[in-house]
Amino acid sequence: MSAPVLVVAGLSVRALAQAARRDGCEVIGLDLFGDADTRAACRHWLPLARATGGEPGVWQIDPASLRAAWAEALRGCAAQGLPAPLGLLLGSGFAREGADLADLPVLGSAAADIAVLRDPARFFGALKALGIEHPPVSLRPVNTPGWLRKDLAACGGAHVQPADGVAAAPGGPGLYWQQRLLGEAMSLTLVAAAGEDGGRAALLGLNRLLTHAGPDGASHGHGGVIGPLPWTAGSQAQLQTLADRLVRRFRLRGLVGIDLLLVAGRWQVLEINPRPTASLVLYGAGEPDHAAGTWAGPGAGLVQAHLRACRDGAPPDALALAAWRGGAQGRLRGCELVRSPVDGLLSAAGVARLQAQAATLGLHDLPAGPQPLHAGAPVCSVQVVATSAHGDAALVRRLLERRVAAAQALLIDAPPAAQDETPDLPIEIPA
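If you're matching positions, the sequence shown starts at 1 in UniProt numbering and goes up one per residue.
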């Protein structure tokens, strides 16, 4: 029998494509970049177009280009004698998370339920009705220090700006203002199974979110993620109760991320992403490189778990969840974007340098060829993994910083710097 075909689409689909391929799927990838390792994981890759207009720095995909690429994928499957795709698995980059794409066979939460998540009045109203805490919100402009201007219809964090630093301007239906609270930015990764019993959440793990500074100097943009963080039985039970209530109220299905703020020991909900998120790479160790302290990407079973949850309302069992978290070995992983430090051009020599150091530095999302460089724009990503014996989130963060700096140095055509003889931070992957 032919392998099932799955179409994955988003700003960058490398992690989704790798996970689907490990689960035995023929993958057709649709994204903006066509990175080398994305194409390697796909049977076929097709480009998407970035939506024009909108706020600077906020990346969204043109829905017309998605519909055109989906139609081309269907034609390609028919021409090559492949089975019709199982459907369309969306990552990030779609305004309102695909709520306006109800005409396409999206594998995930229903469009009507996503629309509630991306409407500030309905979303925060539902949280209030459930008694779930969140930072104070206003649907009217607030132009005072200590407040943020946000957009529930956007992704990636670039839309978040200090409320007193932006001019009043008409916004989309997802615009709202939220008080800034001091706390730890976290996310919860789970598989949601909305069933006849109302649904439940299978928790993959808790992650620490990393942010990068935007043009205004404030750190709001997505930078990376570290996890799964250790949790106590008490905190796990609190998160399980919280996630179960959200899954039932919003009828969530499949891989989902919940952004949280931990303030004085209390969980505050920021938003729900009804799709596979950037934290996908942390779960299922994939193919660990014992020498380099890296791994190839998300492990097998994650996409199948998403499909079963969407199709049958069946969550993965406890053994599968423990395996994806790293089991008793307690692997702690980190992923961070490598942003260009300068404007310029990534030459063919620069691409070759990245490829040559990919295994050593844990580089992924590698450019397929020369391309323009824009200061602050992502070029690739770096991944690291440690064991609980040697690793904590602070150590993984320091290791990511070192490897990001090393990768940035490879982008610029210049004489090589003197070799740093400082030993790397301790990393160990058990056999």
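Worth double-checking, as some hints may not be accurate.
[What the hints assert, rightly or not] Here are the simulated distance ranges between beta carbons: (1) Ala79 <-> Ala394: 11 to 21 Å; (2) Asn143 <-> Ala375: 21 to 31 Å; (3) Asp392 <-> Arg311: 30 to 40 Å; (4) Val263 <-> Arg122: 42 to 52 Å.
The hints are simulated quantities; they were obtained by calculation from the structure and are not laboratory data.
C-beta: ideal position from N, C-alpha, C; glycine also.
Sort out which numbered hints this structure fails and list those numbers smallest first. 1 and 4
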